[in-house]
Amino acid sequence: MQRAKVATLLVSALLVSALIAPFFVTNNFVLHALTMSLIFAILAASWDLLFGFAGQVSFGHAGFFGLGAYASAMLSYYAGLSPWLGLLAGGLIASVFGLLVGFPSLRLRGVYLALATLACSEMLRIVVTNWVPVTRGTLGFNLHPGFTFVPNTPTTHYYIILVGAALSTGSMYLMAARSRLGLVLRALAVDDIRAQALGVDVFRMKLLAFSVSGFFAGFAGALYAHFIGLVTPNETASSLTILIVAMATIGGVGTIIGPAIAAIVIHFITEMLQIAGTVYDQIAVGLVLMLFVLFLPDGIAGIVRAKVT
Amino acid sequence: MILDILTYAVLGIMTGGLYALLGLSLNLIFGVMRVINVAHGEMLTLGAYTAVLLATVGIGGPLLSVVPAILVVTLAGLIIARVLIRPLTVDGRVHEQRGMVMSLGLSLFLSNAVLAIFGPDYQRVPGLMVRGAIEIGDLVLEGQRLVILGGSLVLATALMLFLRFTLLGLAMRAVAENPEAAQANGVSVPRIHLITFGLGSALAGAAGALITPVTYAFPAMGFTYTMYAFITVIIGGLGSVWGAVLAGFLLGIAESLSVIWLTTGYNAIVGPALMLLTLVLRPQGLLGQRLARA
Chain A
0 MQRAKVATLL
10 VSALLVSALI
20 APFFVTNNFV
30 LHALTMSLIF
40 AILAASWDLL
50 FGFAGQVSFG
60 HAGFFGLGAY
70 ASAMLSYYAG
80 LSPWLGLLAG
90 GLIASVFGLL
100 VGFPSLRLRG
110 VYLALATLAC
120 SEMLRIVVTN
130 WVPVTRGTLG
140 FNLHPGFTFV
150 PNTPTTHYYI
160 ILVGAALSTG
170 SMYLMAARSR
180 LGLVLRALAV
190 DDIRAQALGV
200 DVFRMKLLAF
210 SVSGFFAGFA
220 GALYAHFIGL
230 VTPNETASSL
240 TILIVAMATI
250 GGVGTIIGPA
260 IAAIVIHFIT
270 EMLQIAGTVY
280 DQIAVGLVLM
290 LFVLFLPDGI
300 AGIVRAKVT
Chain B
0 MILDILTYAV
10 LGIMTGGLYA
20 LLGLSLNLIF
30 GVMRVINVAH
40 GEMLTLGAYT
50 AVLLATVGIG
60 GPLLSVVPAI
70 LVVTLAGLII
80 ARVLIRPLTV
90 DGRVHEQRGM
100 VMSLGLSLFL
110 SNAVLAIFGP
120 DYQRVPGLMV
130 RGAIEIGDLV
140 LEGQRLVILG
150 GSLVLATALM
160 LFLRFTLLGL
170 AMRAVAENPE
180 AAQANGVSVP
190 RIHLITFGLG
200 SALAGAAGAL
210 ITPVTYAFPA
220 MGFTYTMYAF
230 ITVIIGGLGS
240 VWGAVLAGFL
250 LGIAESLSVI
260 WLTTGYNAIV
270 GPALMLLTLV
280 LRPQGLLGQR
290 LARA
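Note that the protein sequences, when read in sequence, are chains A and B. Residue numbers for the first sequence follow numbering that gives the first Met the number 0, so the first one is 0 and each next one is one higher. Residue numbers for the second sequence follow numbering that gives the first Met the number 0, so the first one is 0 and each next one is one higher.
Rather than coming from a laboratory, the hints here were simulated on the basis of the structure. Using N, Cα and C, we set each Cβ at its ideal position, and we do this for glycine too. There could be a bad hint or two in this list.
As the list claims (entries may be wrong) - A short, non-exhaustive set of chain B residues, derived as facing chain A with CB atoms under 10 Å:
| id | residue |
| --- | --- |
| 1 | 100 |
| 2 | 106 |
| 3 | 265 |
Let's have the full structure, built from the sequences with the hints guiding it.
Shown next as structure tokens:
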């Protein structure tokens, strides 16, 4: 009970400060960094939904993110689709890809599944880079002006993505930690053979987890595409997946909120380090990740849990 | 056309030797320690940059730099195994997920540390290991690439003889088979883990020093090679030494031949596609044991 209270308090404090942040942050670069951090929050939470709850390791999240970004960008570039609908479309197309990627989970577990998802994501990257007539290769897509019906200022972008991030992580949290579906998913992670014996349609549930996780990662990609206004094959690079895994691990897997908050903090700090003009930001993330695996394998959420109970 | 196929097949065999060496060393680490080492490619990067560093200082030729590269990477491997991996080991088994995430962090750290120290430029060891080429009819075999192939084969054979005929090799195979039983028979599992990781890393480092006179070294090169190492290991079978060798050559040839039929750039898809196909159709790989589902 008390744990829930602390968590609610923490999250509401965070939401309030996120809402009023633009009134205090006048520097556009800082606001940009905050906005990007929120996109990473969705990504880390979506990875955690799959790993922390359903127990399925994905090394392919860069693929979901990149596909969402590309799908949304191409729909507005070629078909003139509204960016607002593009957000949904990006998510939906990535969730279909999630189904495909999740298909091998019928037979594969752990490491093997992780490598299968990595293969899917890498194949997507190679196609996106080389299918020049359709994807414009390394040129990518230039999307201007970002969103329709609203003034395209850093502040509106911030609020749009804040709403997107809050809705995504909120619904993922409710789904994973507060619903029967979440219980079923956790049963999968613990012992899927027993879950099967208890009447859970294991394969369908795994596919569901993959497609929901893919949806939110793709949605984050679509938000990114219209916010940054440029989509290139870089967005599908697997180094992004490593960052997502790092953020989720440091935040504490199996909590959704932990990874989301860790993503915001880590991305914001690394962006600020870039002002100093260094490449040391990624070194720091790698180092912090290793330290967490060594000394705090349950992440920040693990410390909070230990303190409260 | 026939000559094309032959030329590309031979080129493939030469790259295949490199893939085999990488796969073999990654498989050694996985087979004995059950660690999925995502930072394996970074060990190759370290080897490559050691060679580049020595060459820029002017010490040693391309061939001589292989030895110091092996030493440096072995040392790095021993430190990693002792400081980062041993704390994750309980009862002779490394925690699977933590081991994997640890190596992710290590990979991020090492590749960016190399970037910070050496800068983003492409670098290479100047000069040739050996001059000239062997010509068989219209078929040209570059001496350089033959050295890489020969070096890979020598190292792979040495590793296999070591595993098969020495007491230490026997102990390593015992730990791979069953850490508890090995421990009960007086094998120090932590020590075997240490040696295994050092040896596996050393082989990757040797690969790095071998290829830098032919290809360029750059900070992010590790990930590509990690990917190839995994592809080789999955196709050959996780834990199977011969499988890795076989798969390495198959992958090299398949990728090289694909150049004839696929547009440039797309040939990179051959590896991941073959890996995915193997995972779906035959998860245990060509020569692996049936433990993929466990």
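Going through the numbered hints above, which ones does this structure break? Give me the numbers in ascending order. none
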